[in-house]
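Colleague: These are the residues of each chain, in order.
2 protein chains.
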Amino acid sequence: MAEGYSSIPNTPLLKDELDIVIPTIRNLDFLEMWRPFFQPYHLIIVQDGDPSKTIKVPEGFDYELYNRNDINRILGPKASCISFKDSACRCFGYMISKKKYIYTIDDDCFVAKDPSGKQINALEQHIKNLLTPSTPFFFNTLYDPFRDGADFVRGYPFSLREGVTTAVSHGLWLNIPDYDAPTQLVKPHERNTRYVDAVLTVPKGTLFPMCGMNLAFNRELIGPAMYFGLMGDGQPIGRYDDMWAGWCTKVICDHLGLGVKTGLPYIWHSKASNPFANLKKEYNGIFWQEELIPFFQSAVLSKDCTTVQKCYIELSKQVREKLGKIDPYFNKLADAMVTWIEAWDELNPSGAAAEKPNGPAK
Amino acid sequence: MAEGYSSIPNTPLLKDELDIVIPTIRNLDFLEMWRPFFQPYHLIIVQDGDPSKTIKVPEGFDYELYNRNDINRILGPKASCISFKDSACRCFGYMISKKKYIYTIDDDCFVAKDPSGKQINALEQHIKNLLTPSTPFFFNTLYDPFRDGADFVRGYPFSLREGVTTAVSHGLWLNIPDYDAPTQLVKPHERNTRYVDAVLTVPKGTLFPMCGMNLAFNRELIGPAMYFGLMGDGQPIGRYDDMWAGWCTKVICDHLGLGVKTGLPYIWHSKASNPFANLKKEYNGIFWQEELIPFFQSAVLSKDCTTVQKCYIELSKQVREKLGKIDPYFNKLADAMVTWIEAWDELNPSGAAAEKPNGPAK
Numbered sequence: 003m004a005e006g007y008s009s010i011p012n013t014p015l016l017k018d019e020l021d022i023v024i025p026t027i028r029n030l031d032f033l034e035m036w037r038p039f040f041q042p043y044h045l046i047i048v049q050d051g052d053p054s055k056t057i058k059v060p061e062g063f064d065y066e067l068y069n070r071n072d073i074n075r076i077l078g079p080k081a082s083c084i085s086f087k088d089s090a091c092r093c094f095g096y097m098i099s100k101k102k103y104i105y106t107i108d109d110d111c112f113v114a115k116d117p118s119g120k121q122i123n124a125l126e127q128h129i130k131n132l133l134t135p136s137t138p139f140f141f142n143t144l145y146d147p148f149r150d151g152a153d154f155v156r157g158y159p160f161s162l163r164e165g166v167t168t169a170v171s172h173g174l175w176l177n178i179p180d181y182d183a184p185t186q187l188v189k190p191h192e193r194n195t196r197y198v199d200a201v202l203t204v205p206k207g208t209l210f211p212m213c214g215m216n217l218a219f220n221r222e223l224i225g226p227a228m229y230f231g232l233m234g235d236g237q238p239i240g241r242y243d244d245m246w247a248g249w250c251t252k253v254i255c256d257h258l259g260l261g262v263k264t265g266l267p268y269i270w271h272s273k274a275s276n277p278f279a280n281l282k283k284e285y286n287g288i289f290w291q292e293e294l295i296p297f298f299q300s301a302v303l304s305k306d307c308t309t310v311q312k313c314y315i316e317l318s319k320q321v322r323e324k325l326g327k328i329d330p331y332f333n334k335l336a337d338a339m340v341t342w343i344e345a346w347d348e349l350n351p352s353g354a355a356a357e358k359p360n361g362p363a364k
Numbered sequence: 003m004a005e006g007y008s009s010i011p012n013t014p015l016l017k018d019e020l021d022i023v024i025p026t027i028r029n030l031d032f033l034e035m036w037r038p039f040f041q042p043y044h045l046i047i048v049q050d051g052d053p054s055k056t057i058k059v060p061e062g063f064d065y066e067l068y069n070r071n072d073i074n075r076i077l078g079p080k081a082s083c084i085s086f087k088d089s090a091c092r093c094f095g096y097m098i099s100k101k102k103y104i105y106t107i108d109d110d111c112f113v114a115k116d117p118s119g120k121q122i123n124a125l126e127q128h129i130k131n132l133l134t135p136s137t138p139f140f141f142n143t144l145y146d147p148f149r150d151g152a153d154f155v156r157g158y159p160f161s162l163r164e165g166v167t168t169a170v171s172h173g174l175w176l177n178i179p180d181y182d183a184p185t186q187l188v189k190p191h192e193r194n195t196r197y198v199d200a201v202l203t204v205p206k207g208t209l210f211p212m213c214g215m216n217l218a219f220n221r222e223l224i225g226p227a228m229y230f231g232l233m234g235d236g237q238p239i240g241r242y243d244d245m246w247a248g249w250c251t252k253v254i255c256d257h258l259g260l261g262v263k264t265g266l267p268y269i270w271h272s273k274a275s276n277p278f279a280n281l282k283k284e285y286n287g288i289f290w291q292e293e294l295i296p297f298f299q300s301a302v303l304s305k306d307c308t309t310v311q312k313c314y315i316e317l318s319k320q321v322r323e324k325l326g327k328i329d330p331y332f333n334k335l336a337d338a339m340v341t342w343i344e345a346w347d348e349l350n351p352s353g354a355a356a357e358k359p360n361g362p363a364k
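As given, the protein sequences belong to chains A and B, one line each in that order. Using my numbering, the first residue of the first sequence is number 3, and each one after it goes up by one. Using my numbering, the first residue of the second sequence is number 3, and each one after it goes up by one.
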């Protein structure tokens with residue numbers, strides 16, 4: 003399978019097996035720059051905010067679009083688990099997709115260039131990352147041993163060289179780095195100009211800050227863990243949607259023996275968000291994460307947790323039990339985690355390639 | 003301290019606090035290329051093989067040289083813990099040094115160039131790595147947050163941003179990669195041409211294959227763990243000296259809360275060793291490492307182990323107990339680990355800046 007993509011270079015990789023999910027509140031002019039790379043793929047656009055607004059999508063793209071009315075209609079009362087006025091709403095797109103793979107990107111992200119000046123096909127690199135194994139049990143000092151020109155180095159146990167299936171490919175950003183509000187405030191002019199030519203597996207037992215700007219995953223393997231939580235409208239926190247998903251996902255990947263990679267590909271992140279607005283969204287999270295990280299670092303899932311759904315329900319119980327005392331928000335979040343899984347299973351009846359329950363709003 | 007080196011760029015960093023340790027069997031012509039970078043520092047040359055041979059050192063370098071006769075004279079019966087006819091003998095240099103930091107390099111390693119064509123001052127980068135903290139408890143997706151132009155990303159807990167003291171800086175190699183004999187045999191023409199512009203902390207709980215070709219460490223903090231084992235003459239194994247040291251060191255660093263970095267700087271590794279000769283040295287190790295890795299992954303040191311020496315003695319007991327059954331070699335190795343610590347403490351009386359017991363052979 004890993005060899006498949008190099009033998010047929012002219013057919014876009016996984017053309018019929020991958021959806022691109024884009025949360026937005028504006029016209030999607032940014033797609034023009036991505037046209038050579040994205041046009042062969044199907045898009046799922048999740049429109050946030052005012053549903054009466056019309057989002058323009060450039061000609062020639064194949065897409066379905068869901069606004070809040072669609073989400074409410076499709077999920078009914080379970081729509082409560084999908085955030086509003088926050089890009090966390092994107093996870094509705096993961097749920098409604100019927101494809102094996104998801105790539106999600108923010109609408110302020112453009113095509114980056116590698117040091118030779120060549121435009122980076124971010125999606126192609128993500129697919130390569132997903133189709134080659136991860137190596138979470140032992141660190142390889144030459145990074146991804148499955149890249150051309152690299153391998154496992156001396157001292158790497160042979161029994162671990164098969165690796166494990168990759169579930170997540172986390173890509174990075176040139177130009178505006180993904181900093182929190184305090185760091186934005188302190189370093190307003192810092193830009194990420196360093197192109198690090200590496201992909202690596204985040205080791206088992208190690209948590210990382212997963213950013214949703216430029217992210218791909220195997221929906222079949224890990225989709226139900228990619229819940230972006232309750233953020234934005236009516237919630238005491240924002241900008242922790244992808245972090246929450248990343249921590250839950252990593253704990254579950256570690257438990258199920260799946261791999262998470264980070265590094266290439268880069269996208270060009272065009273504009274910094276407002277640090278004052280961000281601080282308002284983040285400040286609870288900045289406190290809470292000090293307790294969340296030890297919680298996730300010590301979370302253990304029982305042996306009965308053999309599916310992502312079972313893992314996630316088990317995790318929701320631990321959230322209620324151990325984080326509920328920090329703030330009532332976490333009880334609400336634990337409920338929403340359960341609702342999310344119920345909604346996921348409703349839209350994705352196990353074993354069957356289900357039809358979508360309602361037509362999209364295209 | 004971390005800022006110190008940038009404010010006085012014309013004084014070589016840590017000039018009086020660092021020794022360069024070079025194991026060799028030949029004239030050290032390779033030092034000519036390193037002259038601009040190494041000449042201000044003191045060298046400790048450990049001559050392997052026939053002690054009657056004269057090793058030529060280029061003019062102008064400040065060095066001391068120890069051959070096997072010197073090692074036997076200085077350590078007496080304890081010299082048995084120092085390997086012969088194997089570059090593992092280099093660890094004698096770590097023991098005899100009185101400096102705070104060690105840089106060790108192989109004599110077939112030359113100055114590499116960065117992608118802009120500039121010669122890389124490997125030692126300077128190692129020193130930067132050692133003088134800035136490590137971050138073993140949580141992965142930073144923009145790699146070393148202490149490099150210029152980088153920082154901790156959104157979602158990185160603030161309480162972990164102070165990091166921990168760095169004990170080890172593991173550098174990499176362009177051109178000939180550090181492959182084992184089977185990989186050398188299968189890929190005789192593979193060269194490492196990828197310059198990955200990153201330094202990163204090996205996360206807590208994750209083991210890595212530490213190569214001794216281009217390695218720096220804080221001798222005061224971790225020196226007694228940098229024992230390169232029993233290899234070469236009279237031993238059933240070779241080419242696992244640095245691996246052994248790396249596994250022991252990582253377990254002890256994790257226990258003591260010290261950091262290990264890998265990545266930059268690169269050196270240019272000039273020639274591949276003979277894969278057939280390597281296979282002969284390695285084949286036992288290839289089997290044994292399958293049991294060694296689980297052993298080190300599950301090794302737990304007791305709370306009483308508050309110094310590197312105590313950790314190392316405790317580890318030697320576990321080696322005897324759990325690895326002795328694989329092969330009698332590990333009982334011998336466990337004995338040598340104890341001897342190594344005894345010899346270390348003899349040459350480095352605690353608290354005192356001891357005089358060298360015997361003059362070097364310069």
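Check before you lean on any hint, since a few could be wrong.
Given that identical chains are not distinguished, each listed pair holds provided it fits within a single copy or across any two copies.
[What the hints assert, rightly or not] For lysine to aspartate or glutamate, the following DMTMM-like pairs were computed, each having C-alpha atoms within a straight-line distance of at most 20 Å:
1) 189 x 150
2) 189 x 153
3) 273 x 31
4) 273 x 153
5) 55 x 109
6) 283 x 116
7) 282 x 235
8) 189 x 164
9) 282 x 31
10) 327 x 337
11) 115 x 199
12) 120 x 199
13) 283 x 31
14) 100 x 256
15) 87 x 109
16) 87 x 150
17) 115 x 293
18) 319 x 116
19) 273 x 235
20) 334 x 199
21) 55 x 199
22) 327 x 116
These aren't lab readings, by the way, just hints derived from the structure by calculation.
Colleague: Would you mind marking each hint as holding or not holding in the structure?
Modeller: Going down the list of hints, with the structure as the test:
1. With identical chains, the CA atoms of residue 189 and residue 150 are at most 20 Å apart between copies only, with a shortest distance of 12 Å across copies and 37 Å within one.
2. For the homomeric pair residue 189 and residue 153, the shortest alpha-carbon distance between copies (10 Å) is at most 20 Å, but the shortest distance inside one copy (38 Å) is not.
3. Taking the shortest alpha-carbon separations for residue 273 and residue 31, only the intra-copy value of 15 Å comes in at or below 20 Å, while the best inter-copy value is 53 Å.
4. Only between protomers do residue 273 and residue 153 lie at most 20 Å apart by alpha-carbon distance; the minimum there is 18 Å, versus 37 Å within a single protomer.
5. Taking CA atoms no more than 20 Å apart as the test, residue 55 paired with residue 109 passes inside one copy only; the shortest distance there is 17 Å, against 69 Å between copies.
6. Taking CA atoms no more than 20 Å apart as the test, residue 283 paired with residue 116 passes in neither setting, with 33 Å inside one copy and 41 Å between copies.
7. With identical chains, the CA atoms of residue 282 and residue 235 are at most 20 Å apart within one copy only, with a shortest distance of 13 Å there and 66 Å across copies.
8. Within a single copy, residue 189 and residue 164 get their C-alpha atoms only as close as 42 Å, which misses the 20 Å cut-off; across copies the closest is 18 Å, which meets it.
9. For a Cα distance limit of 20 Å, the shortest separation of residue 282 from residue 31 qualifies neither inside one copy, at 29 Å, nor across copies, at 62 Å.
10. In this assembly of identical chains, the alpha carbons of residue 327 and residue 337 lie at most 20 Å apart only when taken from the same copy (15 Å versus 52 Å across copies).
11. In the homo-oligomer, the alpha carbons of residue 115 and residue 199 lie at most 20 Å apart both inside one protomer (12 Å) and across protomers (16 Å), since each shortest distance falls under that limit.
12. In this assembly of identical chains, residue 120 and residue 199 lie within 20 Å of each other by CA distance both inside one copy and across copies; the values are 14 Å within and 18 Å between.
13. Taking the closest pair of Cα atoms, residue 283 and residue 31 never come within 20 Å of each other, the shortest separation being 27 Å inside a single copy and 61 Å across copies.
14. When the C-alpha separation of residue 100 and residue 256 is checked against a cutoff of 20 Å, the pair qualifies neither within a copy, at 25 Å, nor between copies, at 44 Å.
15. Taking the shortest Cα distances, residue 87 and residue 109 sit within 20 Å of each other inside one copy (15 Å), while across copies they are farther apart (61 Å).
16. Taking the closest pair of Cα atoms, residue 87 and residue 150 never come within 20 Å of each other, the shortest separation being 42 Å inside a single copy and 35 Å across copies.
17. When the C-alpha separation of residue 115 and residue 293 is checked against a cutoff of 20 Å, the pair qualifies neither within a copy, at 38 Å, nor between copies, at 44 Å.
18. Taking the shortest alpha-carbon separations for residue 319 and residue 116, neither the intra-copy value of 44 Å nor the inter-copy value of 51 Å comes in at or below 20 Å.
19. Neither within a single protomer nor between protomers do residue 273 and residue 235 lie at most 20 Å apart by alpha-carbon distance, with minima of 23 Å and 62 Å respectively.
20. Taking the shortest alpha-carbon separations for residue 334 and residue 199, neither the intra-copy value of 41 Å nor the inter-copy value of 43 Å comes in at or below 20 Å.
21. For the homomeric pair residue 55 and residue 199, neither the shortest alpha-carbon distance inside one copy (41 Å) nor that between copies (45 Å) is at most 20 Å.
22. Taking the shortest Cα distances, residue 327 and residue 116 never come within 20 Å of each other, neither inside one copy (47 Å) nor across copies (52 Å).
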